[in-house]
Amino acid sequence: MSINVKNIHKQFGEFTALDNISLDFPSGELVALLGPSGCGKTTLLRIIAGLEQADHGDIILDGENASNTHVRDRQVGFVFQHYALFKHMTIFDNVAFGLRMKPKAQRPSESKIREKVFSLLQLVQLDWLADRFPAQLSGGQRQRIALARALAVEPRVLLLDEPFGALDAKVRKELRRWLRKLHDELHITSIFVTHDQEEALEVADRVVLMDHGKVEQVGTPEAVYNHPQTPFVYSFLGSVNVFHGRAEQEYLKVGSEQLRHHNESYGHAKEVFAFARPHELKIVDNSHHEGVSARISRILSFGIETKVELDGLNENSGQHYEVHLSQQQREAQSLLVGQEIKLVPSTLALFPREAVALQPSEKEG
Amino acid sequence: MSTLAIQTNASQTTRFEKNTATREPNWVKYLLLGISLSFFALFLLLPLIAVFTEALRKGLETYWLAFTDADALSAIALTLTAALISVPLNLIFGVAAAWAITKFEFKGKQILITFIDLPFSISPVIVGLSLVLVFGVHGWFGEWLVANDIKVIFALPGIVLATIFVTFPFVARELIPLMQAQGKEEEEASIVLGAKGWQTFWYVTLPNIKWGLLYGVILCNARAMGEFGAVSVVSGHIRGETNTLPLHVEILYNEYNFSAAFAVASLLALLALLTLVIKSYVEHKISKKSNA
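If you're matching them up, the sequences are chains A and B in order. If you use full-length UniProt numbering, the first sequence corresponds to residues 1 to 365, in order. If you use full-length UniProt numbering, the second sequence corresponds to residues 1 to 292, in order.
Do not rely on the hints blindly, as some may be mistaken.
No farther apart than 27 Å at their CA atoms in a straight line, the calculated lysine-lysine pairs in the DSS-like style are these [as the list claims (entries may be wrong)]:
| no. | chain 1 | residue 1 | chain 2 | residue 2 |
| --- | --- | --- | --- | --- |
| 1 | A | 87 | B | 288 |
| 2 | B | 184 | A | 102 |
| 3 | B | 18 | A | 87 |
| 4 | A | 87 | B | 279 |
| 5 | A | 116 | A | 87 |
| 6 | A | 87 | B | 196 |
| 7 | B | 58 | A | 87 |
| 8 | B | 184 | A | 87 |
| 9 | B | 279 | A | 102 |
| 10 | B | 103 | A | 102 |
| 11 | A | 116 | B | 196 |
| 12 | A | 102 | B | 196 |
| 13 | B | 285 | A | 104 |
| 14 | B | 279 | A | 112 |
| 15 | B | 210 | A | 87 |
Source of the hints: derived by calculation from the structure; they are not laboratory data.
Whenever a hint applies, use it, and build me the whole structure from the sequences.
Right, dumping it as structure tokens:
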């Protein structure tokens with residue numbers, strides 16, 4: 001079932017949580033709402049579920065305007081960050097809850113309920129825990145039960161609010177893969193909220209990047225990672241090096257130094273941010289006439305890549321850079337900690353320096 | 001008043017004690033122990049023992065006679081009736097108020113919280129007097145009540161009203177912090193799963209608060225049965241009719257019928273002790289649940 005969000009606006013006092021958001025979630029896709037905490041992603045999810053009311057705008061479920069439909073009639077499945085399992089009920093009773101609460105006319109018989117609950121528990125591979133209480137389960141198991149419970153009422157859409165946020169790194173990774181597999185089996189339209197870019201890029205069909213209550217970019221994981229359209233997306237996805245400078249003809253002036261850039265449209269003198277990924281920077285000799293001077297502060301050479309951390313010099317002191325070198329590149333150059341070198345980017349993405357905040361905001365979401 | 005269960009965390013105190021870096025000198029420990037124990041013995045234990053020794057001074061037969069007396073029996077019946085009416089009413093009110101305060105946002109919330117505490121800060125005598133001013137013969141509704149032949153003051157309704165007023169905060173006060181700590185997530189989960197409001201309350205909220213609720217009801221009941229001041233003003237002390245147990249004790253005492261007075265008093269004391277036992281059991285249940 002498709003979900004359309006139209007001009008949703010939500011204000012908490014002075015704080016704008018959602019600023020006129022419009023999004024389309026096509027049927028059967030798994031979409032990630034990604035952004036720093038306080039960007040409005042959880043609020044948007046709760047508005048879609050009906051747990052929160054938008055100030056204005058519409059939620060359209062399957063072509064029908066559901067803005068004024070009560071939560072219990074929207075037929076959405078919701079998975080909470082902290083599971084929200086019913087503590088005093090067994091796992092079986094938790095999963096059976098939604099079925100047992102149905103009006104008498106629609107309620108399946110107790111034997112049907114039993115069948116359904118066990119098939120769901122098998123789906124999440126935890127049927128052996130049916131008689132336990134939530135407190136006796138690990139975090140990962142609880143979240144799987146929460147998912148089974150949400151699926152029991154056969155929701156038209158599945159909404160997950162930071163589903164792996166409270167779990168440790170290893171379980172998180174496991175559950176991620178598991179969720180993706182489950183989605184491939186069920187094909188139920190799903191939206192999950194996360195602040196973890198790796199999680200979003202790995203699991204989702206499409207990623208919606210949000211910041212300060214606005215949608216910054218929508219696209220497949222490859223598209224948003226390889227072609228960021230805004231400074232925020234550039235700095236939020238993966239590590240990135242930033243140069244503050246002025247674009248002049250084909251050069252970017254960074255302090256007294258200059259870098260060549262290939263964006264012809266920035267012909268006029270313009271204050272810009274220039275971004276380059278760590279693997280897009282080359283380390284060249286200090287005598288090179290192009291490039292930004294920096295001093296090597298650390299060389300980390302475990303894994304396939306060598307990571308070189310650098311501190312900016314002259315006008316760029318206080319700036320930090322990171323360069324990733326392949327093993328061959330590393331061997332071709334002799335690099336030492338403390339050495340002064342110059343950085344030359346193979347490509348630069350330029351964005352006019354207006355009042356853009358590069359740092360994610362730190363408000364609670 | 002915070003009536004949350006006091007939990008003695010044995011393992012933590014032992015660790016604290018064993019460590020020389022955190023241990024206080026022995027004399028501090030024994031001084032504090034001595035002060036609190038002698039205070040307890042002098043002001044709590046001694047009066048309690050006195051009640052029972054005085055009650056039994058003239059033998060078991062007189063002790064027994066004090067209860068089988070018609071006036072005493074009617075006092076017991078009245079006390080139970082008043083508690084039986086006021087405790088359920090305050091139970092309903094307490095749950096409703098705690099629910100409203102913890103699950104909804106509304107204007108005047110702070111005022112409601114303050115008003116719930118009012119009976120704790122106001123003298124019970126004033127409560128009684130205000131009831132007389134409103135419902136008495138010369139009070140606001142006095143004429144109307146007389147015209148319709150309804151007796152509030154010097155009758156059961158007055159006693160119940162006074163009891164409700166003084167026991168008003170117990171249930172709500174107990175539930176508010178508990179429900180605040182539990183948050184709304186389980187209720188939200190229940191609603192998303194399609195449960196109706198009352199289903200959510202019955203199957204999700206109530207099981208989560210039942211021990212706290214029982215604890216509040218026990219305290220509420222203890223106070224309802226033991227209330228003296230407010231009830232004294234509105235009861236009129238009519239023997240065999242509007243005398244509750246505490247009032248009956250006073251009357252017997254004023255008549256120099258000490259052994260009967262103490263006998264009835266011992267009944268109230270036993271009730272209090274029983275309350276303590278049930279309370280400890282409930283506390284034990286609560287702490288077991290929170291450790292689970």
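Point to revise | Contradicted hints - numbers only | key: Numbers 3, 7, 9, 13 and 14, in rising order.
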